[in-house]
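Participant: With chain A held as given, fit chain B onto it using these hints.
The primary structure of each chain is shown beneath.
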Amino acid sequence: MKFGVVIFPGSNCVTDCYYALRDVLGQDTEYIWHGTKDLNYFDCIVLPGGFSYGDYLRCGAIARFSPVMDSVLEFAHSGKPVIGICNGFQVLTEAGLLPGALLRNKNMKFICDNVFLKTENTNTPFTNLCSGEQVLKIPVAHGDGNYYVDDETLKSMKENNQIVFRYCDAQGHVTDKANPNGSLGNIAGVCNREGNVLGMMPHPERCMEKILGNEDGIVILKSMVNYLKGGVING
Amino acid sequence: MFYAKVFVTLKKSIADPQGNAVREALLSMKYNGVKDVRMGKLIELKLEEKDRAKAEKKVRDMCETLLANTVIEDYSYDILEV
Chain A
58 MKFGVVIFPG
68 SNCVTDCYYA
78 LRDVLGQDTE
88 YIWHGTKDLN
98 YFDCIVLPGG
108 FSYGDYLRCG
118 AIARFSPVMD
128 SVLEFAHSGK
138 PVIGICNGFQ
148 VLTEAGLLPG
158 ALLRNKNMKF
168 ICDNVFLKTE
178 NTNTPFTNLC
188 SGEQVLKIPV
198 AHGDGNYYVD
208 DETLKSMKEN
218 NQIVFRYCDA
228 QGHVTDKANP
238 NGSLGNIAGV
248 CNREGNVLGM
258 MPHPERCMEK
268 ILGNEDGIVI
278 LKSMVNYLKG
288 GVING
Chain B
670 MFYAKVFVTL
680 KKSIADPQGN
690 AVREALLSMK
700 YNGVKDVRMG
710 KLIELKLEEK
720 DRAKAEKKVR
730 DMCETLLANT
740 VIEDYSYDIL
750 EV
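Sequence lines, in order, name chains A and B.
According to the working numbering, the first sequence holds residues 58 to 292 in order.
According to the working numbering, the second sequence holds residues 670 to 751 in order.
Looking at chain A on its own, in the form it has when it is part of the complex (with noise of 0.2 Å):
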C-alpha cells in the first residue's frame, strides 16, 4: 500500500502531507514529482497545497497540464483514490475531475483561520471513519477557495452525495456566519460522482498531532489507509 504526493513547481504543503502519511501515521509514501507519468504502483495520489506555477492564470489551471496530470486522470478514471488539497482542489476542478471551480474569496482577502466543517457524507474513502455529520476543526489558508457551480450540477451533486464537507460553526449549524470565503451553500469539499476523488481547500495534514494543538484532521487520513485496507465503508 503506497501514497504519492505530487509536487509541482511552486507546491508547498508537500512536506506537510508527506509527513503525515509517513511518520504520522506510519505509511509507505513517496514524492511524486511533476514530470513522472508512471503511478502504476500507488494505490492513492495526494495532491497537495500551495501555488503551482505561482497561480498564474487561475490558480491550478497550469498544474493541469503537468505530465503527471494525464496520468492521476487515468488513476482516478481506473477508480482509486485521489485527494486534493486546497491548491489540490483548485487542480482537479480545472482538470474536470470534480465539478464547480473555486473562485476569489468573497472580501478579497486570504485567510489564513481555524474553521468547522460538517462530515455530509460519510460514504467514501475519505471520511468513512467519521461519525455521521461529525464536526471537524480543520485549519484553511487560501485565498482563492470561493465554491461555485452551476444550479443544474448542484442539484445533481446533491442528489449523488457529493457534498463531503460544509463550513459550519463549532456546534455544527451551517449559517452564513460560518462561511469563511462566500463558498455556495457553504461548501468547503466535493466528491466526484463515483466517490473516489475527493477535494477541500481545509488541511486536514497540518492537524494531527497533539503537540500542535489539534489532531481533528488524523480522522481524515487514517479514513484513507481504513480504505485501502479494506475496512467497511458506512452505509
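Keep in mind the hints are simulated off the structure, nothing from the lab.
All values derive from a computational prediction rather than experimental measurement.
For every residue, glycine included, the Cβ atom is placed at its ideal position computed from N, Cα and C.
You may find that some hints are simply not true.
Which bits of chain A does chain B cover? Going by a derived footprint, with three or more residues having C-beta under 8 Å, they are [said to hold, decoys possible]:
hint, region
1, 107 to 120
2, 159 to 169
Distance condition first, Cα-Cα at most 27 Å in a straight line; then the derived BS3-like pairs of lysine-lysine [as the list claims (entries may be wrong)]:
hint, chain 1, residue 1, chain 2, residue 2
3, A, 166, B, 680
4, A, 194, A, 286
5, B, 710, A, 166
Facilitator: Then chain B, alone, in the frame of chain A:
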C-alpha cells in the same frame, strides 16, 4: 503572423468582488454614476501562422483548454494580421 487579443471575463451570473471594490473606490472618488465594474484579463498572443482560419481555430482551442475556464468565464478575441 497574426496578433490575437483574448479577453477573459467572469460570467455575468458570477459576482466579481474585485470589480465591486474598484467601483466602490471610484464612487468614493466622486465619479458618480458608475453602475457596474467588471474585471477581466487581456491576453496578447503572437502566432506564427499563415492562414487566418487556422490561427482562429488555434486561438479558440487555446481558450477552451487553458486560457479560460468555461465553468466560470467567458472569452472573446480579436485577430489581426501583422
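Participant: Work down the list of hints and note, for each, if the structure agrees.
Facilitator: For each hint, the structure was consulted:
1. Beta-carbon proximity to chain B at under 8 Å applies to 4 residues in the region 107 to 120 of chain A; the threshold of 3 is reached and the given coverage holds.
2. Residues of the region 159 to 169 of chain A with a Cβ under 8 Å from some Cβ of chain B number 6, which satisfies the need for three, so the listed coverage holds.
3. For the hint linking residue 166 (chain A) to residue 680 (chain B), the alpha-carbon distance of about 21 Å falls within 27 Å, and the restraint holds.
4. Our distance criterion of 27 Å between C-alpha atoms is met by residue 194 (chain A) and residue 286 (chain A), whose separation comes to about 26 Å.
5. Annotation: proposed proximity of residue 710 (chain B) to residue 166 (chain A) holds, straight-line Cα distance about 20 Å (limit 27 Å).
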